[in-house]
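**Student:** What follows is each chain in one-letter form.
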Amino acid sequence: MTSVAGSLGTASAVRFTPGRATLVLGGLLVLLLLAFVASLALGEYPVQLARAFAEPGSPDGRVLFGLRIPRAVLGALVGASLAASGSALQALLRNPLADSFVLGVSGGAALGATLALALGLQALAAPSVFAFVGAVAAMALVLAAGRARSSPYAALLTGVVFNAFAAAIITCIKTLLTPDRLGEVLYWLAGSLGYERPRTLILGGVLQLVALGLLWAASARLNLLSLGDDEAASLGVPVRRTRAIVLVATSLSVAGAVALAGLIGFVGLIVPHLLRLWLGPDQRLLVPASALGGAAFLVLADAATRVLFPVFHSEPPVGVVTAVLGGPLFVWLLNRGEHPA
Amino acid sequence: MSAPALETAALAVGYGGRPVVSGVSVTVAPGTLWAVLGPNGSGKSTLLRTVLGLLRPLGGEARLFGTSISRWERRALACRVAWVPQSFEGDPGFTGLELVLMGRAPHQGAWGLPGAKDLAVARAALAELGIGHLAGRVVSRLSGGERRLLLVARALAQEPSLLLLDEPTAFLDLQHQAQVLERVRARVRAGLAAVTVLHDPNLAAAFADAALLLRDGGVLGQGPAAELLDAERLGRLYGLGLAEARTAAGHRLFAPRGTP
Amino acid sequence: MIPALLSLVLLGAGADPGPLRMLGPAPEGEVRRVVTLTPSLTDVVLALGAGDRLVGVSRFDERAEVKQLPRVGGFVDPSVEAVLALHPELVLAEPGPGNRQAVERMAELGAPVLLLPLGTVSDVLAAERAAGKALGRAREGEALARELEATRVRIRERSRSRQPVRVLLVYGFDPLVVAGPGGFADELLSDAGALNVAADAASPYPVYSVERALRSRPELILDAAMTPGGRDRLRELPGLAEARWASVPGQALLHPGPALGRGLEQLFALVHPEAGR
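Protein chains in written order, with the working numbering: chain A, 404 to 744; chain B, 113 to 372; chain C, 33 to 309.
Extracted from the complex, chain A is given alone in its bound form (with noise of 0.2 Å):
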């Protein structure tokens, strides 16, 4: 990092400009652009994209806006949730193992999704709905348990214990499945993009938008918060109100992405690191380039579990492709001498 900011002269001594933001953001911009498209391209059927979109009536213009344009929707979204939280969360808890499911959220969600598949409940709603309530009042207990002690760790703690929790509880209802339910809660939990309908993609956009508008706004706090409480007190931050709103942002955020797609590993870690060895650590500019970033990562992992299905003969679920390219990839990072910090 150090050699990034040497490289470029005393000018990098103050890395977020309205200047550098803009072309770099718009660099993430263009990325997710791209991946977009490669992911239109990208699958089991032959769709003629010029034919697609001159009759989107045709079966090529049905698989593309039935199928293909909804899902690559879905995985920025769901990207852009995780990556932005982890981000966040990283500085807010100054853990840089912090990732979006640290609070509890995923045991939760994953909790409510399995209960849902287990009994059967999936006539009432989509288990994504269960996923929601799951991680909203995993959520609502962790933060509970935090505002006892105004440590951020005392949140970090009650959420890995609740995440163990719910995992017991949930191998515990594994055992009673039958291997057809099991066979699909395996698959919820491992993260996959599927197939949402428009409203529901506009509204997990609507939250995800809300969401992230939050967190950027509090991104200059945040910088000041990774310092520490009292450091942060001591120039001018409310700590406990601007916690409380990037806990609660985080959150909700990734309970919408886990309702829509499961537990997607390693986005929350390893895009936010990415972006922070290239961008340093100011959240004002990290936030939204994790957010673009992730969107572009995901989106493309899951063109890749399109290209993969020849040879499995089946889509691996996308938080499995997150987990092979992130795991190496974050190892390689750490191993660089350079610490991610």
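A hint or two may mislead.
Stated by the list, open to error - Computed list of lysine to any residue pairs in SDA-like fashion (alpha-carbon distance at most 20 Å, straight line):
1) K229(B) - P421(A)
2) K165(C) - S154(C)
3) K577(A) - P207(C)
4) K99(C) - G83(C)
5) K99(C) - H716(A)
For the record, the hints were derived by calculation from the structure and aren't laboratory data.
Assemble chains B and C onto chain A, guided by the hints.
**Tutor:** Leaving out everything else, chains B and C in the frame of chain A:
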């Protein structure tokens, strides 16, 4: 004359309802530098944190610029009072200049985009402490002393009326210890009120206008540094025998008597 | 909280996958391109003599007749695009919570889908008739169903005069998964004059308690496990060691389909070896 920068009356401070030190009644006027001395654990840092509003007072009262500390809004307070913490908690990869610019946060909009004035003030603070070369360096890779200097620069960039320093000279070499305190002194001459926790009575004797001595949960003494600081009283403060000497220029020096 | 939770799960575990029904547009004219999403339904199509119309099968299909066909995913993870790319005129699917979204989506995008539940023997009979009708082979479908019905009547007749045998049908040893109540295996066991000792379980494919299995003192243990892992350990246990052990040949009792009749005959022979042919 306006209200004093800091005024406490029978203030008791501590953690978890348990007082560490009580009965503190001091008045810090603009243009004065106070040194707070005392053995480890005597409540010096706790006192500063309480004055900053980070801890609730356990008794008595503290007023900043005439207003009770509980009535201050965080941001308004940050525009008047700056703090140099004892330790550096986070390990973020900010550059020196980015860190110092954070001192401008209370003066900026919610999104903290630095204007030309903010940049000028931050660079001037770096220059004032002779650390302009740290502007582009990443803080997490600097030495403990360099980080202290950046924290002092950040507090100066905050343009406070009251500056609270918690052992600003820790980790610093002799030259930088003197430099930091000289810079603070210069600001004090221009009207700043400052309270600094110090471990070295020699530095207190050389730079402070007044001193507050804390020991055993109470105030051992307070007053003008020139009158208050002598070998006998400091010996009682630290619980060991001290010898006193005077330089040719008239500065007092204290050293442990040791066993010959 | 946990006991309450568990009882809820137990109640829900046997939930109905829904009735036999058609999704999407109705097939037009004679159906020539068929995709199946589960091996049992491939068996049905082959038994109807319509194997030449298959253009795609699931990734679990192993029969030689369909070895060369493209794969479209599995029971819980069918690929909508892979199915559509084959331009099917009929998709045969077993409904399940895991594939609901994908199946609905392919129907919306123009593929006629026939959902055929296969949980019980009567489901299988209905599926054979419905698939036959959809493929213009109603007579063959009816014949398949009649044949299975006739086999059931015959075997029931033969076992009526015999002492019921206490049987545990094992699908897997580690963990112990057995045939529970409410599925076709339980029905066929009863047809063959067997008393399913796991009839008290919660679902058709429960993970069963080993101790409970010991206590139920089965006279016959039918081994339908695909892997032998854990079998030897169980075989030494009191209550199981004394039982007669027999392996179920082939997959007749694993796939609900046209092979069930043959499976039932094999089952009868295993339960009552003294009866002869």
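**Student:** So, for every hint listed, does it hold in this structure?
**Tutor:** Results for each hint:
Among the hinted pairs, K229(B) with P421(A) is consistent with the structure: their alpha-carbon atoms are about 16 Å apart, no more than 20 Å. Using a Cα cut-off of 20 Å, the hinted pair K165(C) and S154(C) holds, with the two alpha carbons roughly 17 Å apart. Restraint check: the Cα-Cα separation between K577(A) and P207(C) comes to about 12 Å, which is no more than 20 Å; the hinted pair holds. Taken as a hint, the K99(C) and G83(C) pair is honoured in the structure, with Cα atoms around 12 Å apart against an allowance of 20 Å.
Restraint check for K99(C) and H716(A): the C-alpha separation of about 13 Å stays at or below 20 Å, so the hint holds.
Consistency note: the structure conflicts with none of the earlier hints.
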